[in-house]
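What follows is the residue order along each chain.
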Amino acid sequence: MVKKIEVKTSKREEILDITREVEKAVASLGVEAGVCYIYVPHTTAGVFINEHADPSVVQDIRETLARLVPYGAGYRHLEGNADAHIKATLVGTSQVVLVEGGRLLLGTWQGIFFAEFDGPRRRKVYIKVLEG
Amino acid sequence: MVKKIEVKTSKREEILDITREVEKAVASLGVEAGVCYIYVPHTTAGVFINEHADPSVVQDIRETLARLVPYGAGYRHLEGNADAHIKATLVGTSQVVLVEGGRLLLGTWQGIFFAEFDGPRRRKVYIKVLEG
Amino acid sequence: MVKKIEVKTSKREEILDITREVEKAVASLGVEAGVCYIYVPHTTAGVFINEHADPSVVQDIRETLARLVPYGAGYRHLEGNADAHIKATLVGTSQVVLVEGGRLLLGTWQGIFFAEFDGPRRRKVYIKVLEG
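Residue numbers (my numbering), protein chains in the order written: chain G, 1 to 132; chain Y, 1 to 132; chain W, 1 to 132.
Next comes chain G alone, as it looks inside the complex (with noise of 0.2 Å):
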């Protein structure tokens, strides 16, 4: 079973803390043991996890990727967002944590970040949990 997560976001590039909502399905998915995926299914959008105690670290990670890859700097792509879909490739598409207890084994500081792009936009992400 595959669940669904809803996000939205208000800027053109926005990263969201979605942590809470990935363990919330998690537990719904009432496994003990085993792996969780998290699947982001747009091209402009990505998934990473990093530092959540300190919310200035994944505005460096923001701010980094836009220098390294400006936005509108002569790229081929005509819908103005090439940017946003290289940033994606970069961060990548999807996360694997696992899981005991029936709870994600993150790390101390770890967080789970939706990665937008080309907001605003309402998304999606996937989370599927397989058992072991």
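Keep in mind that the hints were calculated from the coordinates and are not lab data.
Keep in mind that a hint or two might mislead.
Put simply, identical chains are the same to the list, so a pair is met inside one copy or across any two.
Straight-line Cα separation of at most 27 Å, DSSO-like style, residue types lysine-lysine; simulated pairs [what the hints assert, rightly or not]:
id, residue 1, residue 2
1, Lys124, Lys3
2, Lys11, Lys24
3, Lys124, Lys11
4, Lys124, Lys8
Place chains Y and W on chain G using the hints.
Okay, now just chains Y and W, sitting in the frame of chain G:
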């Protein structure tokens, strides 16, 4: 069981849409629901998921990687393809896609791309599906 | 069941070949066929798969990341290790390798590397195998 797809490139850097080949491999494995793994057993090639409607998107991805990690820019590795190893690392060695109703649960605009950074070569891509 | 590997670095940035340790963990789990997950529960370290025949390849990867995301380049995060968080995000928090005949199905030149960007530290890497 692991399915092996053969991929052939004709240039040094080439990004190939392998969505249909992965779909076929998944169909042949006959799993109704689960998780599909796409794994590249090479070190100068990778796999990523992004837009496959407009082919200029993957050209932008390739050209941006070439700008960030230029060919022949004074690397230590003496084989002359250090840039290809680094690009493959940034893009990723594997991807995961959920499977539902016996098919890949890709987003509307998503395709699966094999990215060679040191071709032309004959390569293999491994496909596996875990049921669940 | 989740196996935990201990990793120890002696420099700020250090990339360690952990292929043998992962192989051992997989062998001890006694799974004939399936998928192995290598997960780093830290936020300034990551894991990637690339060439392990010539150690200069991973040096090139480290030095290129250091050029793209320089240490101390005016980041917001006040702990002074923002570059390490960003590098870990680009490299990735986890990797997946297929398992066949009780062994990792790595390519001829592939090794698994733990990448610390804010050491020296004692770290853990989680290993899990799903059967199938």
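Hint check:
| no. | hint | result |
| --- | --- | --- |
| 1 | Lys124 to Lys3 | within (10 Å within a copy, 30 Å between copies) |
| 2 | Lys11 to Lys24 | within (25 Å within a copy, 39 Å between copies) |
| 3 | Lys124 to Lys11 | within (16 Å within a copy, 36 Å between copies) |
| 4 | Lys124 to Lys8 | within (9 Å within a copy, 34 Å between copies) |
Checked against the numbered hints listed earlier, the structure breaks none of them; every hint is satisfied.
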